[in-house]
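Participant: Chains A and B, in that order, are what the protein sequence lines are. If you're matching positions, the first sequence starts at 18 in my numbering and goes up one per residue. If you're matching positions, the second sequence starts at 18 in my numbering and goes up one per residue.
FYI, nobody ran anything at the bench for these hints, they're computed from the structure. Please note that the accuracy of each hint is not assured.
Unchecked claim - Capping the alpha-carbon separation at 35 Å, the derived lysine-lysine pairs in DSBU-like fashion look like this: (1) Lys43/A - Lys43/B; (2) Lys43/B - Lys214/B; (3) Lys214/B - Lys214/A; (4) Lys214/B - Lys43/A; (5) Lys214/A - Lys43/A.
The model shown is predicted, which means the values in this text are computed figures rather than measured ones.
2 protein chains.
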Amino acid sequence: MEQERIWTAALVVIGDEILSGRTQDKNIAQLASWLNVQGIRLAEVRVVPDREPAIVEAVNILRARNDYLFTTGGIGPTHDDITVDAIAAALGVAVEHHPEAMATLEAYYATRGGLTETRARMARVPAGAGLIPNRVSGAPGIRVGNIFIMAGVPHITAGMLDALTGTLEGGRPVVSGTIGCWVAESEVADLLRDSEKAHAGVSIGSYPFFRDGRTGANFVVRSADADLVAQCVADLTQALEAGGRTVTVGGI
Amino acid sequence: MEQERIWTAALVVIGDEILSGRTQDKNIAQLASWLNVQGIRLAEVRVVPDREPAIVEAVNILRARNDYLFTTGGIGPTHDDITVDAIAAALGVAVEHHPEAMATLEAYYATRGGLTETRARMARVPAGAGLIPNRVSGAPGIRVGNIFIMAGVPHITAGMLDALTGTLEGGRPVVSGTIGCWVAESEVADLLRDSEKAHAGVSIGSYPFFRDGRTGANFVVRSADADLVAQCVADLTQALEAGGRTVTVGGI
């Protein structure tokens with residue numbers, strides 16, 4: 018049987034505001050969900066501060082061992098926006114003003130006070146880069162090699178991801194089915210382990226919750242093969258119900 | 018002048034559910050805020066899958082270059098909970114049942130069907146480890162060397178952090194002041210850069226927002242010296258208001 022090619026991506030979240038706890042990151046979950054639809058798995062995430070050596074280290078390790086690398090944050094016009102310079106340094110290339118980005122910013126700022134030198138900072142890209150459209154504000158995203166440089170503000174990144182939809186090569190998306198049950202994980206740990214073993218090609222995750230003083234768990238069955246997921250969910254549901262439990266099945 | 022000792026921590030978030038986008042992580046922001054009160058800076062975060070080599074790599078790099086290392090996730094009783102084994106492997110030590118954890122679980126499960134072998138999995142620790150109390154459910158957190166192994170469920174981790182409050186050595190907490198203003202970052206980028214330069218020892222972060230079709234930004238002034246923060250916030254506020262802008266000052 019031919020081994021299925023698995024496509025992977027990594028994400029570097031750049032920003033002191035995440036590491037200080039001021040801002041709750043939303044880009045990890047957003048990117049993960051979007052990648053999955055493209056048939057690409059998010060393999061690793063790193064959150065690093067606004068310091069060039071930290072960005073360079075993370076970018077160079079992760080771009081080498083994944084098909085794609087995304088970054089979020091640090092592409093605005095202010096002094097703490099150092100992502101473009103750091104990625105150019107990581108790649109060993111110069112930084113230049115992208116003509117199309119300059120034209121976009123000229124148009125955007127025509128009615129907003131004009132394109133100043135400071136605003137033109139947002140047209141700076143690592144040499145050889147292309148642009149990713151930004152529908153919300155002036156500054157575009159940037160693609161250079163297998164690196165995708167996105168905004169930190171989640172709804173701007175959402176627009177950039179939307180523009181990239183369908184343009185990246187990927188494999189089969191991972192499909193999942195979720196079984197919710199009012200049961201302590203520890204009561205069904207053996208059942209879960211055996212179910213995973215009995216259904217080669219699926220993984221089962223167990224995620225406990227605690228509500229109203231009661232204990233429950235969601236069991237998430239994942240695979241790139243939807244039939245395998247459906248079969249495993251059906252078998253696991255039957256086994257849980259045979260123990261007298263009520264389950265709720267969602268997803269797939 | 019004596020150089021101030023800066024204490025740092027890193028976090029490894031362990032879990033396929035974060036990388037799949039199913040679960041929105043809340044532990045990064047929670048830990049970051051708690052660490053800051055302890056006078057410890059969160060220097061780096063990595064999110065890794067439920068795979069031992071990925072956990073071992075992240076743990077060994079980050080524990081060596083930080084004062085403290087925290088992990089969240091993967092300490093329950095099911096087959097996908099591999100954190101304890103992975104950290105023992107990273108440290109090159111055996112896994113053993115901790116007597117006090119066994120006693121805690123015995124008591125917890127006395128009225129919940131008894132302590133089975135599966136449940137006793139939650140008493141397993143890397144050899145030489147101590148425990149971190151868990152007020153919500155049975156399984157304790159674990160401390161081994163400079164590594165703190167916490168739950169994945171955020172409110173359980175919150176209880177564990179509460180139990181650790183004041184027990185870790187740290188420096189002065191970072192203090193911050195926030196200035197909110199309806200202004201495009203690009204209009205005040207020079208002012209921000211100059212303000213940071215004029216107030217040695219502070220950093221200024223600029224975070225744009227977009228509401229009701231208008232553009233604004235929060236400027237966050239940070240330092241371990243509260244007087245420096247107050248002075249910088251006052252000067253920056255004055256400069257922004259001198260430009261005819263209305264600002265809102267918070268924090269400190």
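Participant: Decide, hint by hint, whether the structure agrees.
Facilitator: Do the hints match the structure? See the list:
1. Under the criterion of a C-alpha separation no larger than 35 Å, the hint pairing lysine 43/A with lysine 43/B is consistent with the structure, at around 10 Å.
2. Annotation: proposed proximity of lysine 43/B to lysine 214/B holds, straight-line Cα distance about 34 Å (limit 35 Å).
3. Restraint check: the Cα-Cα separation between lysine 214/B and lysine 214/A comes to about 60 Å, which exceeds 35 Å; the hinted pair is violated.
4. Restraint check: the Cα-Cα separation between lysine 214/B and lysine 43/A comes to about 31 Å, which is no more than 35 Å; the hinted pair holds.
5. Restraint check for lysine 214/A and lysine 43/A: the C-alpha separation of about 34 Å stays at or below 35 Å, so the hint holds.
Of the numbered hints stated above, the single one contradicted by the structure is hint 3.
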